[in-house]
Amino acid sequence: MTQIIFYIFGSILLLSATLVVVIKNPIHAALFLVLSFFSSAAIWLLLNAEFLAIALVLVYVGAVMVLFLFVVMMLDINISTLREGFARYFPLGIIIALFMMVAMSLVVGSDYFLSDIYTQANISSTQSNTKLLGLTIYQDYLYHFEIAGVILLVAIIAAISLSMNKTKITKSTHPDEQVLAKKNDRLRIVKMNSEEKES
Amino acid sequence: MLETIYHIISQYILLPLTIAIFPLDYQTEVMLFLQTMIKILAIIIPVLITVAYFTYAERKVIGFIQGRIGPNRVGLFGFRLWGLGQPIADAVKLIAKEIIIPINANRSLFIIAPILSLAPALAAWAVIPFDDTKVLADINAGLLYVLALTSLAVYGVIIAGWASNSKYAFLGAMRSAAQIVAYEIAMGFALVGVLIAAGSLNLGEIVNAQSGSAIHWFWLPLLPLFVIYFISGVAETNRAPFDVAEGESEIVAGFHVEYSGMAFSVFFMAEYANMILIAVLSALLFFGGWLSPFQGIIFLEEFFSWVPGMFWLLAKTSIFMFLFLWFRATFPRYRYDQIMRLGWKVFIPITIVWIVIVSILVIINLPPWFN
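Note that the protein sequences, when read in sequence, are chains A and B. Take 1 as the starting number for the first sequence in the numbering used here and just add one per residue. Take 1001 as the starting number for the second sequence in the numbering used here and just add one per residue.
Rather than coming from a laboratory, the hints here were simulated on the basis of the structure. Cβ atoms here follow ideal geometry from the backbone N, Cα and C, with glycine treated the same way. Be careful, since some hints might not be right.
[What the hints assert, rightly or not] Negatives, chain A to chain B, calculated, CB over 12 Å:
#	residue
1	Val20
2	Val21
3	Val34
4	Asn48
5	Leu56
6	Val59
7	Tyr89
8	Ile95
9	Leu98
10	Val102
11	Asn129
12	Ser163
13	Lys171
14	Pro175
15	Lys183
16	Lys197
[To be verified] Some residues of chain B that are not near chain A, with every Cβ distance over 12 Å (derived):
#	residue
17	Glu1003
18	Ile1013
19	Tyr1026
20	Val1092
21	Trp1162
22	Pro1224
23	Pro1308
[As the list claims (entries may be wrong)] With a Cα cut of at most 27 Å, we get these calculated DSSO-like pairs of lysine-lysine:
#	chain 1	residue 1	chain 2	residue 2
24	A	Lys171	B	Lys1167
25	A	Lys182	A	Lys197
26	A	Lys182	B	Lys1039
27	B	Lys1097	B	Lys1167
28	B	Lys1134	A	Lys131
29	B	Lys1097	A	Lys171
30	B	Lys1097	A	Lys24
31	A	Lys197	A	Lys183
32	B	Lys1039	B	Lys1167
Excised from the complex, chain A in its bound form (with noise of 0.2 Å):
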């Protein structure tokens, strides 16, 4: 049974990541990377791996692919000028596809590969997963993971020091200063006689 809804998911993982490079219009290739990390979501679910995978959807597919789709959205690109390259392109695509294959084996090697050490019976389906990868995570390798935490703190206020123009020009709006604006400030009622009607 596990292994039917393996298969399905597998393939379907298999046919998006594949479309994802060779379709033409950039949403369609989009919306396939939804489904191919949505469907290794599923592929880790089987690994008893709840937590990974249910992080992936929530942020990756929540949050990362959303932006990523107003994005693709909001530019308009030309369908045509996309594909010019790709033939061109092929080549070279090849040998660094290659090059990552070769250099995942040799970090992965067939210890993982072709053990059974992935298999249900060595994973504990009966002790919360979340609760043991927060315990791993803040309690083995605490400092680790707070040096992650700042360099992505920096990286933020990197990114956001960067898209603050202040030369330019905004239409930014001050809510303190719309609150306390008074009818006095903006207002000025001006009393005056009735006009006589003219000839």
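With chain A's structure known, arrange chain B on it following the hints.
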């Protein structure tokens, strides 16, 4: 009573059917599949009926608030019955109407968009516990699952807006996407507070952590988080006063301008199903779910002990569903920049501060909640 019905269906209809049709090797799996299907139907059908009558309730409630009568013409079987037949008449009308697909629209995405907005709204119900034992999937990370699925609802809106090939629809989709991303963070932080207070991500355990009395429920120690959660829920479902994504006065009807007939009504159902989901989650996370409000009160607890837990959950949910309607009838629409300000600059800082406070309360084991 529900258990008895389920038992009868499972034992006397499904079991003989499975044994008669399938070979012995697959019988347990087929049986499990069929039982799960029955449970899914037992959740989905009441949800959809509630959606239908929620629209009727909305028109009636807003009618009474504005000094009108609301729909009262369509009855059942020749009786008028205060217009109770209205949702059925509306459904029949919407099914009979033509679905128009604009010529330059992206056909496949145009059709898939309403499905994508309704599916997560219904799928999230899988982990909602209706009682101590009545839950479809009792998973460890239930709270995260709900959060992940509610964050998927934005795709229906964005894809609908883009695929319609209309400027109004596109503007509506853009507004909606920015708004949902902004409020989802505040909502997530509010849920983090709940998870710290309960010490679990399982919705059933979260409810059980609140048992004791109405004072033991999390609404009191997590009051700011509860208020922020509910307001963010209103914003996430694009309801008034946060309904700029529809904004009739500016962009006609927002992301679903081009939709008609059943395709439109699927969007409509998704919106209402999401509202019911937010209401039931508020009841579960902050108001003790199926726990009786008279728990811990000497005389009343025994007096009401015969009431099933599901009744209390549904009663609490109905109160929150009513709040949605009350908000819509009361508040004028927010200005767009004020929505963004409220989400990013007000709610997120408050939730972060309150998470720290809740953590301190949990560490010092503050009674009566965290001891």
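Hints, one by one, checked against the model:
The non-interface label for A/Val20 is consistent with chain B: the shortest C-beta to C-beta separation is roughly 16 Å, beyond 12 Å. With a cut of 12 Å on Cβ distances, A/Val21 stays outside the contact zone with chain B, its closest approach being about 20 Å. With a cut of 12 Å on Cβ distances, A/Val34 falls inside the contact zone with chain B, its closest approach being about 7 Å. Taking the minimum C-beta to C-beta distance to chain B, about 10 Å, the non-interface status of A/Asn48 is violated against the 12 Å cut.
Listed as outside the interface, A/Leu56 is inconsistent with that label: its C-beta sits roughly 9 Å from the nearest C-beta of chain B, within the 12 Å cut-off. Here A/Val59 does not stay apart from chain B, with its beta-carbon only about 9 Å from theirs, under the 12 Å limit. No Cβ of chain B comes within 12 Å of the Cβ of A/Tyr89; the nearest lies about 27 Å off, and the non-interface call holds. Under the 12 Å C-beta cut-off, the non-interface status given to A/Ile95 relative to chain B holds; the minimum distance is some 34 Å.
The beta carbon of A/Leu98 is kept farther than 12 Å from every beta carbon of chain B, the shortest such distance being approximately 34 Å. With a minimum CB-CB distance of about 34 Å to chain B, A/Val102 clears the 12 Å threshold, and the non-interface call stands. In this structure A/Asn129 is not separated from chain B by more than 12 Å, as the shortest Cβ-Cβ distance comes to only about 6 Å. With a closest Cβ-Cβ approach of about 15 Å to chain B, A/Ser163 is found to remain outside the 12 Å limit, as its non-interface label requires.
A cut-off of 12 Å between C-beta atoms contradicts the statement that A/Lys171 is not in contact with chain B; the least separation is 9 Å. Not every beta carbon of chain B lies more than 12 Å from that of A/Pro175, the smallest distance being close to 6 Å; the non-interface claim is violated. Against chain B, the non-interface label of A/Lys183 holds: every CB pair exceeds 12 Å, the least being about 20 Å. With a least CB separation of 38 Å from chain B, A/Lys197 remains clear of the 12 Å interface cut-off, as annotated.
Against chain A, the non-interface label of B/Glu1003 holds: every CB pair exceeds 12 Å, the least being about 26 Å. With a least beta-carbon separation of about 23 Å from chain A, B/Ile1013 lies farther than 12 Å from that chain, consistent with its non-interface assignment. B/Tyr1026, annotated as away from the interface, has a beta carbon of chain A within 12 Å; the closest lies near 10 Å. The claim that B/Val1092 is not at the interface with chain A holds, since no C-beta of that chain comes within 12 Å of its own (minimum 34 Å).
For B/Trp1162, the requirement that its beta carbon stay farther than 12 Å from each beta carbon of chain A is not met, with the minimum near 5 Å. Under the 12 Å C-beta cut-off, the non-interface status given to B/Pro1224 relative to chain A holds; the minimum distance is some 20 Å. Even its closest Cβ contact with chain A, about 29 Å, leaves B/Pro1308 beyond 12 Å, as expected for a residue assigned away from the interface. At most 27 Å may separate the alpha-carbon atoms for a hinted pair to count; A/Lys171 and B/Lys1167 meet this at roughly 23 Å.
This hinted pair does not check out: A/Lys182 and A/Lys197 have alpha carbons roughly 36 Å apart, beyond 27 Å. The straight-line distance between the Cα atoms of A/Lys182 and B/Lys1039 is roughly 60 Å, outside the 27 Å bound, and the hint therefore fails. Taking the CA atoms of B/Lys1097 and B/Lys1167, the gap is about 24 Å. The hint holds against a cut of 27 Å. Straight-line distance between C-alpha atoms of B/Lys1134 and A/Lys131 comes to about 24 Å, which keeps the hinted pair within the 27 Å bound.
Of the supplied pair hints, the one linking B/Lys1097 and A/Lys171 is violated, its CA atoms being roughly 45 Å apart against a limit of 27 Å. Distance hint between B/Lys1097 and A/Lys24 is unfulfilled; the C-alpha atoms sit about 34 Å from each other, more than 27 Å. Taking the CA atoms of A/Lys197 and A/Lys183, the gap is near 33 Å; set against the 27 Å cutoff, the hint is violated. Only pairs whose Cα atoms come within 27 Å are accepted, and B/Lys1039 paired with B/Lys1167 is rejected, the gap being roughly 42 Å.
Taken one by one, the earlier hints fail for this structure at numbers 3, 4, 5, 6, 11, 13, 14, 19, 21, 25, 26, 29, 30, 31 and 32, listed in ascending order.
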